[in-house]
Amino acid sequence: MYVALWPGKPYPLGATFDGKGTNFALFSENATGVELCLFDKDDNEVRLALSEVDNFVWHGYVPGVAPGQLYGFRVHGPYAPSEGHR
Numbered sequence: 001m002y003v004a005l006w007p008g009k010p011y012p013l014g015a016t017f018d019g020k021g022t023n024f025a026l027f028s029e030n031a032t033g034v035e036l037c038l039f040d041k042d043d044n045e046v047r048l049a050l051s052e053v054d055n056f057v058w059h060g061y062v063p064g065v066a067p068g069q070l071y072g073f074r075v076h077g078p079y080a081p082s083e084g085h086r
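For the sequence shown, UniProt numbering begins at 1 and goes up steadily by one.
Do not rely on the hints blindly, as some may be mistaken.
[What the hints assert, rightly or not] Pair ranges (Cβ atoms, derived): (1) Thr16 with Val46: 15 to 23 Å; (2) Asn44 with Ala15: 29 to 37 Å; (3) Tyr79 with Trp6: 12 to 20 Å; (4) Glu29 with Ala49: 17 to 25 Å; (5) Ser82 with Trp6: 31 to 39 Å; (6) Ser82 with Asp18: 39 to 47 Å.
Since the hints were derived computationally from the structure, they do not count as laboratory data.
Beta carbons: idealized from backbone N, C-alpha and C, even for Gly.
Please build the complete structure, drawing on both the sequences and the hints.
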């Protein structure tokens, strides 16, 4: 399944629907990569690598995604629980 990913905006944080699609924005000062994961009703997953980063906010816009869409983030980076990195 092809899903378009546009640059989007770093604000507001979270998922914001504008009537035509949804902007996703997540803050992480230590991430080395962030993937937006979209799931359908059968639990199939599409992963989109967010490549836009402004002041530690990773963001992207997905046209056609509306309220009710199941999603999550995979955040890549250091694993050091004693320093707060998980």
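Hint check results:
| no. | hint | result |
| --- | --- | --- |
| 1 | Thr16 with Val46: 15 to 23 Å | holds, 19 Å |
| 2 | Asn44 with Ala15: 29 to 37 Å | violated, 19 Å |
| 3 | Tyr79 with Trp6: 12 to 20 Å | violated, 31 Å |
| 4 | Glu29 with Ala49: 17 to 25 Å | holds, 19 Å |
| 5 | Ser82 with Trp6: 31 to 39 Å | holds, 38 Å |
| 6 | Ser82 with Asp18: 39 to 47 Å | holds, 40 Å |
Checked against the numbered hints given earlier, the structure breaks hints 2 and 3 and satisfies all the rest.
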